[in-house]
Each structure stands twice: as structure tokens, then as C-alpha cells.
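For chain V, the structure is supplied; the task is to place chain E on it using the hints.
Protein sequences, first through last, are from chains V and E. Quick note on numbering: numbering that gives the first Met the number 0 labels position 121 of the first sequence as 120, and the sequence is numbered without any gaps. Quick note on numbering: numbering that gives the first Met the number 0 labels position 79 of the second sequence as 78, and the sequence is numbered without any gaps.
All clues given are correct.
Cut-off 16 Å, straight-line C-alpha distance, at most; resulting in silico cross-link-like pairs (EDC-like, lysine to aspartate or glutamate):
#1 E:Lys1 <-> V:Glu7
#2 V:Lys169 <-> V:Asp139
#3 V:Lys189 <-> V:Glu162
#4 V:Lys124 <-> V:Glu171
#5 V:Lys343 <-> V:Glu279
#6 E:Lys144 <-> E:Asp219
#7 E:Lys44 <-> E:Asp168
#8 V:Lys343 <-> E:Asp262
#9 V:Lys169 <-> V:Asp188
#10 E:Lys269 <-> V:Asp348
#11 V:Lys322 <-> V:Asp293
#12 V:Lys107 <-> V:Asp148
#13 E:Lys1 <-> V:Asp1
#14 E:Lys184 <-> E:Asp137
#15 E:Lys39 <-> E:Asp209
#16 E:Lys28 <-> E:Asp17
#17 E:Lys1 <-> V:Asp6
#18 E:Lys111 <-> E:Glu122
#19 V:Lys189 <-> V:Asp164
#20 E:Lys144 <-> E:Asp233
#21 E:Lys1 <-> V:Glu279
#22 E:Lys1 <-> V:Asp278
#23 E:Lys1 <-> V:Glu275
#24 V:Lys124 <-> V:Asp139
#25 V:Lys343 <-> E:Asp276
#26 E:Lys144 <-> E:Glu178
#27 E:Lys28 <-> E:Glu38
Hint data in this document are derived by calculation from the structure and do not stem from the laboratory. It should be emphasised that the depicted structure is a prediction, and the values quoted were computed from it without experimental measurement.
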Amino acid sequence: MDFAFTDEQMMIAETARAFFAENATSERTRRAMAANGIDRELWRGFCQDLGFAGIGIAEEFGGAGLGMVEFACIAEAAGAQVAAFPLLGLATAARGIAVGGTDAQREKWLPRILSGEAIAANAGKWHVERQGNYLSGSFDFTPHGNIADVFIVSATGGSWLIERDAAGLKIETPVTMDQTRPLASLHMDKVLGEPIADHLGAVQAMHAGGWICLAAEALGGAQACLDRTVAYAQERVQFGRPIGSFQAYKHRLADMMVEIEQARSAVYWAACTVDEGSDEAPLALHAAKSFCADAFFKCAGDMIQLHGGIGFTWEHDAHLYFKRARSIQTLRAPGNWHREEIAKIILGDAA
Amino acid sequence: MKLGFSPAEEAFRTEAADWLNAQMSGPFKDIRGITTLTEKAERRKEWEQHLGAHGWGCIGWPKAWGGRDATIAQQVIFAEEYARAGVPGRVNHIGIELAGPTILTFGTEEQKARFLPGIAKGETIFCQGFSEPSAGSDLASVRTKGRLENGEWVVNGQKIWTSLAHISDWIFVVTRTEEGSKGPKGLSFLMMDMAQPGIEIRPIQQINGDAEFNETFFTDARCAEDSIIGAPGDGWKIAMGLLAFERGVSTLGQQMAFRNELDEIILAAKRNGSAADPLIRQRIAKAEIGLRLMRYGALRMLSNRDHSRIDGAALTYKIQWASWRRNLGELAMDVLGQAGEITGGDTYRWGTLPNLFLYSRADTIYGGTNQIQRNLIAERGLGLPREPRGDA
Chain V
0 MDFAFTDEQM
10 MIAETARAFF
20 AENATSERTR
30 RAMAANGIDR
40 ELWRGFCQDL
50 GFAGIGIAEE
60 FGGAGLGMVE
70 FACIAEAAGA
80 QVAAFPLLGL
90 ATAARGIAVG
100 GTDAQREKWL
110 PRILSGEAIA
120 ANAGKWHVER
130 QGNYLSGSFD
140 FTPHGNIADV
150 FIVSATGGSW
160 LIERDAAGLK
170 IETPVTMDQT
180 RPLASLHMDK
190 VLGEPIADHL
200 GAVQAMHAGG
210 WICLAAEALG
220 GAQACLDRTV
230 AYAQERVQFG
240 RPIGSFQAYK
250 HRLADMMVEI
260 EQARSAVYWA
270 ACTVDEGSDE
280 APLALHAAKS
290 FCADAFFKCA
300 GDMIQLHGGI
310 GFTWEHDAHL
320 YFKRARSIQT
330 LRAPGNWHRE
340 EIAKIILGDA
350 A
Chain E
0 MKLGFSPAEE
10 AFRTEAADWL
20 NAQMSGPFKD
30 IRGITTLTEK
40 AERRKEWEQH
50 LGAHGWGCIG
60 WPKAWGGRDA
70 TIAQQVIFAE
80 EYARAGVPGR
90 VNHIGIELAG
100 PTILTFGTEE
110 QKARFLPGIA
120 KGETIFCQGF
130 SEPSAGSDLA
140 SVRTKGRLEN
150 GEWVVNGQKI
160 WTSLAHISDW
170 IFVVTRTEEG
180 SKGPKGLSFL
190 MMDMAQPGIE
200 IRPIQQINGD
210 AEFNETFFTD
220 ARCAEDSIIG
230 APGDGWKIAM
240 GLLAFERGVS
250 TLGQQMAFRN
260 ELDEIILAAK
270 RNGSAADPLI
280 RQRIAKAEIG
290 LRLMRYGALR
300 MLSNRDHSRI
310 DGAALTYKIQ
320 WASWRRNLGE
330 LAMDVLGQAG
340 EITGGDTYRW
350 GTLPNLFLYS
360 RADTIYGGTN
370 QIQRNLIAER
380 GLGLPREPRG
390 DA
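Chain V on its own, in the form it takes in the complex (with noise of 0.2 Å):
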């Protein structure tokens, strides 16, 4: 037992911050909001310079090993900045393709997207009927499904890979809220989906790489919140002192800290339970994902009423963390339904 990150882990979480803080710049991120949700550059350097895609996917695979401790250290980094850009489809289609998908769609997917060349999306809520591998209905809500090259997506009794150009997919992207990560919807018409292998096996992965990627985004977005606020508690004065020696203000920092150093606790205990193959995982999972939206959408929302009116203006990029926060907390299940998920773990099924 040592639950204090390695050297390598301490170096891989300061190599993402610092490409993050670089690159995931306020400027080049609302350039992304005001197009298609996703900053390019950012996603090529990502993929291509810091070879960081493959964290979390098996080197068999040509992925770069690792575990989703590395994983969640990224997102924390990538979380901090709002960046725009996939990283989600990576812990989900990614890792549902890697881990469950057949042979044939390893080698023809994994390498695309692992570069960066291609961009691969797990399709969110489903109202579909199917006919064998044939799939009618919509998928909705699917994070950068307006930009994604390949999709996985689920059903009952089955997962599919689709491709993009599939003959009968219609993709529709509404304006989103959070536009760093836009929601698309996939209207298919008898659309033939390649059946994934083993299709329990991926949609495990992609939840557990999912929430981990979510709770870890949560945690770097809030510790941004406290960070900029109380940054700003320091220089605006009021009444003749700094607005941040008034204790209506700075208790209500403190207590996002509290909030913060438990988010922290949850996500690196929910990588280390999936990491380890720990019975613990799927209370850790549920843990995590609920506790570190909450944690998020409080800072985020103390963030904008801490700043006062300039925290309101679109210019401040309080309402990209707030935006963002909203965001997670609804992405692969709301906080109740993952609580429910550990009550019918601690207490068996309501009767």
C-alpha cells in the first residue's frame, strides 16, 4: 500500500499540466467553442508530440500501457484548462475497441486513433431498434459526435462499431451548452453496425475509462475554480482590504478545498480499484464520477458568485468551468443514478 503517485506518475501529470497551460489557452479554446468544439493543434500535439493517447490502452495493442492512474493524471491537467478536444472518446471508444473489439478493428482503428488521425466517439443515450447487426432509431447526447470519425455504440445484448460514412447515419449536432464538448445526435436508418467481440467486455471499459476521464476532468476544472478565485480574493479590494480577508469569502473557499482534497481521494481510488482488477472498483467508480461532478459544479458556481459581476460576463471564463461542470455532471448518468448504484451495492435492491 502507497497511495502517493511514483516518480514517473508525478512527471507525466507535470508534462500535461505544463502542454495544457501552454496550449489550452483561453484564446485558442473559445476559437474551438466558436467553431466545432476542438482545438486541432491541440489534439495533434496531444496525440502526436506527447505520444499521450495511448496511456491507458495496452502496448499489445499499440497503445502506450500505463494505467488510468497515468490516465486520470492527464485529464486532471486537460480538466484545468476546459481544453476542447476528444479526450473522452479516448477513454471510452478507445478503450471499448481496444479491450473488447475484434481483431480486425484493432488493427485498422487503434493506430488512426492513437495518432490523432482519426477521431473515435462512444454514442451516449439510445432509443434504437435492431434487426441483427442492423440499427434504426437515435443515439443522442454523444460527446464531439459532430466531429468523430467512428463511433461505438450500444444496445441491449450488443455493441457495434460505425463508421462515419455509413450508409443510413445522419448526424445532427444541436448547440450545446458546453461547447467545448459538443453533444451530437446519430440518426441511423438500417445502418449496419461490426459487431464488437465481446461486448460486455467493452462496455465495462468504456464506463470504467469514462468516469475516471469525467471525475478527473471534474477535479482539475474545480482545484482551476479555487485557484483563479482565490487568486482574484488576493487583488480586488473592497472596504479597504482585500476582498479574500472577509470570512463570508474565505470560508466559502475553504470549503471548495474540502470538497477538492476529497475529489482527489475519489479519483485516484477509482483508477488505482480499476487498475489493481480491486472488487472495490465499481463503488470507487460510481464514488467518483457523482462526487467530483458535485465537487466541480459547487466550485464552479462559488467560482462566477465569488467573482461577482465580472464572473457573469461571457468575457471570464467562469462560465466555461460552470458550463463544463453542468456538463460532467450529466454525462454517463447523473449523480442519483450512480448513488442508487451504491445503494443496491450496500443495501441490496429497493423492494
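Relative to chain V, chain E alone:
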């Protein structure tokens, strides 16, 4: 980063669990499952000595002083198995977790030889004399006075909220030994024998009907000149160092007691059907999450080797567990319903859960109120400007 335990550590777990279970089903069957610190005090003191005699009294201490040089992982395991076996809390927790480490860190070799064996053997029960009627949150404003007289410290004044003073053998006292000094300056840290006419104890009855805390009066109470830890005037530094020890491994034992409380709530909810109520289910899940995060926060704190920076997990720990437990008390009562508002007997004594509800109101006060904790977090953790002080 790794959470699993090694085979050797698991073997240690089996050894500890086997021994603890054998005691709780054998010679100490009668104290199994007690959840207050006050019940069956004499038997609890015997238990302390039994632990000491078998080398389980303070496993994290150096072997030379009666410990086992146990690793952090072993201490974690022991704390977990201790509570799992239904062993009641340590009545000498102040001695083991505060007095002992303070003496180990700041004491002379002679002082170590004088005090540590007694603590390790469970023969010297310690209590803590910090708070005073006029020095609560503002701890540095203590007024209890100490002066040197014929090679002895002579102490006059009053301490309050002295937990378990009535069963303790020794007390460590923060006293003002420099005439006219103010605030944290001029304070000294003295070890005093409780068995003397100059020390008088009066119990304070609490809202749960119990009396764990006391008022402690000092009227020309005495201790030897070399019963001072550190130099005269070092009292504040030592007291603050001691508060840092409070965030050590002891938190894990405390958490396991919380585990037992939450399990009792879960059991009650299943029995009376409230386990089917979606809102209760959400709250129980939240409590479970909070408890787990406390554990992993503590493990993070214990695994931390970078002492150059403020440890956020340690700094936020007190308010985190205290608030969690207060919520747990409210959840317990909502699960029990009105059945939680009456006792089964004819005295004002409460079962574990109603007692938790009442007692947890103290958790957010003692050891630094939630408000003081927020000040500390904001000022030390976040670097925000200090609160302006009236006496500055």
C-alpha cells in the same frame, strides 16, 4: 501508487485479527461493542494494559519504547481489524496518539524513559489540558499560570473540556509561565501527576446525559522542574506540533468506528423498511462515499512524503470528518424515526445511534470548530490574508 496490500501485510492482518477476535470472544467479551469512551472505565484500563502486555499497545512506536516499529500499512491494517473485531475505543488515546509522540519528538532521553514505558504498557492514562473558559477558539489566550518555586512548577488556574480527566493518571498542561506575556509567547508545556490535592476535577454533563468532559482546577498544583517538555516559552510550538500528530494513523481507527456506526444505520434501515426509501438510499450512499473518501484521504496523508508543501488532505481532514459525522447523526435519526427519540430503559442513556446524533454536535466544536478550521484552511492552505485581531 498502489492500494493493495502485500502477502506479508495480509499475513500481519490475519495475525492481528486472530488475536483481537480471541480477546473479544474470550477474556474481554464483556467490553466488546461498547461505543462510548466512558462505559466500564476500569475494564477499559485493564484492556489498555492487556494490549500493552501483548505488544499491541502502540505498534507504530519504536521498538525501544515498547512499540513494534510498525509500517504505515501495518498500522492501517491494525486500526481496521481493531474496529472490525468490535473492540471499543482506546481510553488512553490521548497518551498513545498525543502525549507519546510529543515526548518522542520534543522530550529528553530522561523524559522518554520516565513516561513512554508507562504509556506503552497501558499503565499511564493521559488527558489533555489545553482549553480554558476564556481560551477556546482563541487557544493562545490561556491564563493558567505556572511559576518555578524551589525546583518545582507551581500551577494555578482552570482548564475545561478535559476529556476523561476522571480516569486519567497524568495531564499535559499549557500554562503561562512568563509573567505579563500575551498570546502564544511565554507559554510552557508541563506534564503533571493527577493524583495530588492541588488538582480537582468536576464532571460536565453533556447534552447526551454522559460526562466524558471535565473541568480541571489547579490550586498550587505541582510538578518537578524537569517535567517541562521543551524549554520554558516553547509551549505553543509544542502544542501546535502535537495537534499535527492528531492527524496521523489515529484517524483510521476513528474511521473504523464510523464504519460500525454506518453499518448500524444500514442494518436499522433494512429492518424498519426505510432502506426502500429513495431519499434515504441517496443519503446512505452519500454517507458511504464520504466515509470511503475519508479513508483514502487518510491514506494519501500517510503516504505523503513531500513535506515541503502544506498537505491539503491533512489540513481539510478535521472539518471533513466532523461534518460527515454530524450528517450521519441526522441520517441515523431519520432512519430510526420516532423510535430514536425514546430510550428502552428508565435512565437518560442512549443507544449507539441516538447517542451519535447527540454526541456528533460536539465533533464540529472540539479540536477547533468548523469555523476555526475554515480560517486555518483559508489562511494556511490558500494563503488568504489573516483575520484582523482585536488585540493586535
